[in-house]
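Protein chains: 2
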Amino acid sequence: MTGLHPALADPALTSMNFLNEIAQHYPDAISFAAGRPYEEFFDVGQLAGYLDRFAAHLRDDLGYDPQRVTRTLFQYGRTKGIIHHLVARNLAVDERITVDPESIVVTVGCQEAMFLVLRALRADDRDVLLAVSPTYVGLTGAARLVDLPVLPVATGPDGVDLVDLVAQVHRARAAGLRPRACYVMPDFANPSGLSLDLAARRRLLEVATAEDLLLLEDNPYGLFPADGAARVPTLKALDERAQVVYLGSFAKTALPGARVGYLVADQRVTAADGTVSLFADELAKIKSMVTVNTSAIAQAVVGGRLLEHGCSLLAANQRERAAYARNLRLLDAGLAARFPRFADGRRVIDWNVPAGGFFLVVTVPFPVDDALLERSARRYGVLWTPMHHFYDGSTPVNALRLSISAVTADQIESGLDRLAALIRDALERPPAARRPGSA
Amino acid sequence: MTGLHPALADPALTSMNFLNEIAQHYPDAISFAAGRPYEEFFDVGQLAGYLDRFAAHLRDDLGYDPQRVTRTLFQYGRTKGIIHHLVARNLAVDERITVDPESIVVTVGCQEAMFLVLRALRADDRDVLLAVSPTYVGLTGAARLVDLPVLPVATGPDGVDLVDLVAQVHRARAAGLRPRACYVMPDFANPSGLSLDLAARRRLLEVATAEDLLLLEDNPYGLFPADGAARVPTLKALDERAQVVYLGSFAKTALPGARVGYLVADQRVTAADGTVSLFADELAKIKSMVTVNTSAIAQAVVGGRLLEHGCSLLAANQRERAAYARNLRLLDAGLAARFPRFADGRRVIDWNVPAGGFFLVVTVPFPVDDALLERSARRYGVLWTPMHHFYDGSTPVNALRLSISAVTADQIESGLDRLAALIRDALERPPAARRPGSA
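So the sequences go chain by chain: H and B. Under this note's numbering, the first sequence has 190 at position 190, and the numbering climbs by one with no breaks. Numbering-wise, this note's numbering comes out as the position in the second sequence, counting from 1, plus 439.
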């Protein structure tokens, strides 16, 4: 068989595979690569409890008879989901976002939410997407699958370089292209760790309005600020003109094994024949041909967890929030202890100190390619992610991403020892030997 | 917002919506429309038992430690799934299909399996798909989403008109197109109820080999033969040249609420750079950008049900199989009682007697459009599906599909009384009045 869709040969799709394979090949390495949530508090025994709690909600709160409860869990169901009302309540409680539950589509993880939106927005080959660069590789991969080019927008000191954003939009339009939306992760972005402050969010919304540009706000990490950092309202909470499609995940706040995410799409869509519909309903039509509906059982588990905590994931994640904040603190301190400043205040390597989330970027004075990662795994027993995977193309970048979400305090210390040994080794090797196999 | 992907205005996507809306609007109507499985034997209490059974399998059969059991259920997981070995065992036990578990991708229902295959096969605008017509609307909808035209292949007395199939392939190639595959449901097809006998299957495989055409075999109903009907080997069981991609569903044999299906893709793919890979691995790369992986919890529920019955769904569905066979018998007898033959052996209406499955097609001497369905629901309290939804275009067809999967014996009797009243009424109305609003 030959001649499959070209996305299959694209770095966006092969990246994910390569990174997974390295992780599987070195299962005993300490992983600063994995973005998966902390698992110390997972308990298989909870699952039945969550199912029971959700079934009780259907019976006691919604008044379903036993047959309807069974049907809701076992049969095909509503395309837009069966926990939409609980998601709406969660958004109100934790994010002060007020939305009509009908504008929510529960999806198979946030990935499907992104995929549905990109599929809808890509009508023909004039359409392009903007994305703040470096970008989550799952966004780029989904865009490749629907043949939607992604134009990178520069990261500025405020998270997004708005001058570059406007320039990109104007340049695309001048070339006959249609910039459909800009993808942004305003809270503790993956991979950069950067956040937008309140003023930057307001300016971004103003630019989006002025340029008639949809914003795709992806918010998997917003519940996890660093020690002492304040949470900032989401773009969707500030959105007065339905300029924002909100992409939500329960992978980090409930459990990835459910594969339940959602989107909020309260925009009005006008079809060619003049009929007006809700964007969420159009996206549900696409979903009906991709996955039909999200597993009712998986939704019930997430619904049960929401109900156990009054629909507050802030409350549900108190221990996890403390663990992530502690890990970020330990990682920053551990790096500082191993790479002290020179007298002039500079360091041999540098890193950002994010205001929260899972990720921190270390900048080094040499290119970081996949061969170096392989060497790190094999010889030093430590995994991380080369930053070039988050940029278009495959040119190595002098930076690597560290994730703190799936390591213990002890692992952070020994992982940093291993990383420091790798970095020392890479600094001492002659430049020619540093990049075996790279272009 | 305007200018979304054109599939959103396509009958394939609007059909599903319309049919769902009618069903929701008339919840008390007797439904010969729903293809959902019989629900009398569903029991919410079973879910926790299935989860336990699967966790015990991970621990006792696969030797996982408790931490790995928890991680398997709670965390992100293998893109190709965690019950692939059980699916392979099920195929061996129930279908005598022998496949390497590595060639299996567990998907979010059979719909995602179809979607992934069509996405991979549609590389550019020369690619086309063939499908035996009338066709399951979910296939057509998925094809629309990846901009893949579907060329209808005629249904013949043997299920597929092979002369037409070859003619279609040759005509497409002569026009510079690439027919990538032919979609077929060889067992009790939705919507036609038709099946291919063993000889027809062998001939279809020969034609596929001669024409270098992939066959997409969709088999949701194969476990449900009518009374006395024998099961026939699947195309995949007869497939000696990796000509068949097998699409599997657990919606009818386990529970739709899990949204777990799978595909078997043991073909070798050669990329432009000469590297060879397994088609299943290429499809998994696409899946990683659509849904990441199938819910581990949903897979565990299905896995537990498989394990409870020695991986035999034939064994697991003894009661369901008897119920479906009984319902098919009652429907045929009920139609015969209400619409006796004339002295010349003909009937005012006619229907096929399928060798199994969920569906039977009634042919009537008047066009069956959506307005008639709406009238049937509102005035007669009975739902069914106009056959035109399974053909390209929206011209009404003189036929309707009846499903026996979600009705009781009593409902079949009263549903048929209502249907007979509707048909008598439609026959007595002048032709002009029969088709309000239709073209």
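Quick caveat, the hints were computed from the structure, so don't treat them as lab data. Just so it is clear, CB atoms sit at the ideal spot from N, CA and C, and this is done for glycine as well. Incorrect hints may have been included.
[Unchecked claim] Using C-beta positions, here's what the derived DEER-type ranges look like:
#1 Ser277/H <-> Asn837/B: 29 to 37 Å
#2 His170/H <-> Asn837/B: 54 to 62 Å
#3 Arg814/B <-> Asp65/H: 48 to 56 Å
#4 Arg680/B <-> Ala371/H: 33 to 41 Å
[Claimed, not checked] From chain B, some residues computed to sit far from chain H (all C-beta separations above 12 Å):
#5 His444
#6 Ala446
#7 Ala473
#8 Phe513
#9 Gly595
#10 Ala668
#11 Ser727
#12 Arg780
#13 Asp789
#14 Asn791
Consistency of the hints with the structure:
The beta-carbon spacing between Ser277/H and Asn837/B, approximately 32 Å, falls within the hinted interval of 29 to 37 Å. Taking the beta carbon of each, His170/H and Asn837/B are about 56 Å apart, inside 54 to 62 Å as hinted. For the pair Arg814/B and Asp65/H, the beta carbons lie near 30 Å from each other, so the given range of 48 to 56 Å is not met. In this structure, Arg680/B and Ala371/H meet the distance hint of 33 to 41 Å, their C-beta atoms being roughly 39 Å apart.
Taking the minimum C-beta to C-beta distance to chain H, about 5 Å, the non-interface status of His444/B is violated against the 12 Å cut. Non-interface call for Ala446/B relative to chain H: violated, since the shortest CB-CB distance, roughly 7 Å, does not exceed 12 Å. Its beta-carbon lying about 8 Å from the closest one in chain H, Ala473/B breaks the requirement of being farther than 12 Å from that chain. For Phe513/B, the non-interface assignment is contradicted: its Cβ lies about 4 Å from the closest Cβ of chain H, within the 12 Å cut-off.
Residue placement check: Gly595/B keeps its beta carbon more than 12 Å from all beta carbons of chain H (closest about 28 Å). The beta carbon of Ala668/B is kept farther than 12 Å from every beta carbon of chain H, the shortest such distance being approximately 26 Å. With 12 Å as the threshold on Cβ separation, the claim that Ser727/B sits away from chain H is violated: the shortest Cβ distance comes to roughly 5 Å. Under the 12 Å C-beta cut-off, the non-interface status given to Arg780/B relative to chain H holds; the minimum distance is some 37 Å.
Non-interface status of Asp789/B relative to chain H is upheld: no Cβ of that chain comes within 12 Å, the nearest being about 30 Å off. The non-interface label for Asn791/B is consistent with chain H: the shortest C-beta to C-beta separation is roughly 25 Å, beyond 12 Å.
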